[in-house]
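Trainee: Take these sequences, add in the hints, and give me the full structure.
Taking the working numbering, the leading residue of the sequence shown gets 103, the next gets one more, and so forth.
Note that these hints are calculated values from the structure, not bench results. Virtual Cβ for every residue (Gly too), placed ideally from N, Cα, C. Misleading hints may appear alongside valid ones.
[Stated by the list, open to error] Dumping the calculated SDA-like pairs for lysine to any residue here, alpha-carbon to alpha-carbon at most 25 angstroms: (1) Lys160 to Gly299; (2) Lys170 to Lys154; (3) Lys170 to Arg214; (4) Lys180 to Gly299; (5) Lys154 to Asn164.
[Claimed, not checked] Quick list of simulated restraints, FRET-style, between CB atoms: (6) Lys333 to Pro305: 33 to 39 angstroms; (7) Pro237 to Ala334: 42 to 48 angstroms; (8) Pro198 to Arg158: 28 to 34 angstroms; (9) Gly144 to Arg342: 40 to 46 angstroms; (10) Asp200 to Lys333: 39 to 45 angstroms; (11) Arg342 to Ala104: 28 to 34 angstroms; (12) Glu338 to Glu204: 37 to 43 angstroms; (13) Ala334 to Asp235: 47 to 53 angstroms; (14) Thr162 to Pro237: 33 to 39 angstroms; (15) Lys170 to Gly341: 42 to 48 angstroms; (16) Lys304 to Arg169: 29 to 35 angstroms.
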Amino acid sequence: MADTAIEWTDSTWNPVAGCTILTAGCTNCYAMRMAARLEAMGVEKYAGTTQKSGGRAKWTGNIVLDRKALSVPHTWTKPRRVFVNSMSDLFHVDVPTDFIRELWSTMQQTPRHTYQILTKRPERMAEVLCEGDFPVLPNVWLGTSVEDGRALGRLDDLRRVPAVLRFVSFEPLIDSVVGADLRDIHWAIVGGESGPGSRPMKPAWVDEVEAACRKTDTAFFFKQWGGINKKATGRELRGRTYDEMPTLAELRI
103 MADTAIEWTD STWNPVAGCT ILTAGCTNCY AMRMAARLEA MGVEKYAGTT
153 QKSGGRAKWT GNIVLDRKAL SVPHTWTKPR RVFVNSMSDL FHVDVPTDFI
203 RELWSTMQQT PRHTYQILTK RPERMAEVLC EGDFPVLPNV WLGTSVEDGR
253 ALGRLDDLRR VPAVLRFVSF EPLIDSVVGA DLRDIHWAIV GGESGPGSRP
303 MKPAWVDEVE AACRKTDTAF FFKQWGGINK KATGRELRGR TYDEMPTLAE
353 LRI
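Mentor: The structure is reproduced here in structure tokens:
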């Protein structure tokens with residue numbers, strides 16, 4: 103639980119640790135590297151969540167629930183945007199529905215904060231939220247990650263999710279997503295992969311996403327070009343930054 107340099111949020115909140123590699127977008131996941139580092143520093147909840155394979159840290163599939171962390175947002179008096187589970191996936195199959203319900207309760211009790219939940223498993227998100235007694239909270243934004251054309255089906259799953267605001271993160275964008283249907287998706291983040299072994303992002307792929315956003319009046323946020331040194335490559339697109347954010351008054355719900 104900390105302030106963060108992630109451009110589209112203010113803080114991270116991690117009641118869950120650990121994950122499982124799912125698709126190509128997970129190959130160079132920054133959270134795997136960070137979890138290994140935190141385990142080496144003696145942070146208990148990351149113990150056993152990664153292992154060395156091929157000279158680098160990879161998820162083991164072990165999921166750790168941190169119930170003590172559930173109360174942390176109550177201690178934040180100033181309103182903030184909160185990225186939920188930046189180090190895991192709340193809708194991983196091994197995160198119990200009852201635990202998700204406890205987390206939902208915290209978000210409901212702290213309406214001063216805006217929560218941003220991102221998953222690579224929107225099919226389970228839809229299943230859990232549609233079948234359970236989960237209220238649709240105005241301060242909770244629900245999103246999915248799409249890294250290439252093979253993952254575009256996640257957008258259809260996301261559309262089934264009851265939410266005030268739905269968003270998609272095209273990060274890391276590792277191939278074309280031409281034809282992405284952003285109907286009923288209110289916000290799109292685009293970013294290239296960064297760090298060791300990062301795969302390049304072509305400008306044409308970014309243009310495809312922006313064009314899709316303009317068709318549906320979806321807010322367009324360009325996060326970064328990425329690469330080994332993401333600060334050097336920056337986050338300008340055609341000589342300017344794109345920091346568009348959705349506003350509740352404009353939503354097409």
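Trainee: Each hint: holds or not?
Mentor: Hint check:
With a C-alpha separation of about 14 angstroms, the suggested pair Lys160 and Gly299 falls inside the 25 angstroms cut-off, and the hint holds. Taken as a hint, the Lys170 and Lys154 pair is broken in the structure, with Cα atoms around 28 angstroms apart against an allowance of 25 angstroms. With a C-alpha separation of about 20 angstroms, the suggested pairing of Lys170 with Arg214 holds against the 25 angstroms cut-off. At roughly 38 angstroms between alpha-carbon atoms, Lys180 and Gly299 are farther apart than 25 angstroms, so this suggested pair is violated.
Between Lys154 and Asn164, the direct Cα distance comes to roughly 14 angstroms. Compliance with the 25 angstroms bound is thereby established for this hinted pair. The beta-carbon spacing between Lys333 and Pro305, approximately 19 angstroms, falls outside the hinted interval of 33 to 39 angstroms. Take Pro237 and Ala334: their Cβ atoms lie about 44 angstroms apart, and the range 42 to 48 angstroms holds. At about 30 angstroms, the CB distance of Pro198 to Arg158 agrees with the hint of 28 to 34 angstroms.
In this structure, Gly144 and Arg342 meet the distance hint of 40 to 46 angstroms, their C-beta atoms being roughly 44 angstroms apart. A hinted range of 39 to 45 angstroms for the beta carbons of Asp200 and Lys333 is consistent with their spacing of about 42 angstroms. The hinted range of 28 to 34 angstroms is satisfied by Arg342 and Ala104, whose Cβ atoms lie roughly 30 angstroms apart. Between Glu338 and Glu204 the Cβ separation comes to about 41 angstroms, which falls inside the hinted range of 37 to 43 angstroms.
Between Ala334 and Asp235 the CB atoms are about 49 angstroms apart, so this pair conforms to the stated range of 47 to 53 angstroms. The supplied range of 33 to 39 angstroms is met by Thr162 and Pro237, whose beta-carbon atoms lie about 34 angstroms from each other. Checked against the given bound of 42 to 48 angstroms, the beta carbons of Lys170 and Gly341, roughly 47 angstroms apart, stay inside it. Under the hint 29 to 35 angstroms, the C-beta atoms of Lys304 and Arg169, about 43 angstroms apart, miss the expected range.
Comparing the model with each earlier hint shows violations of hints 2, 4, 6 and 16; every other hint is respected.
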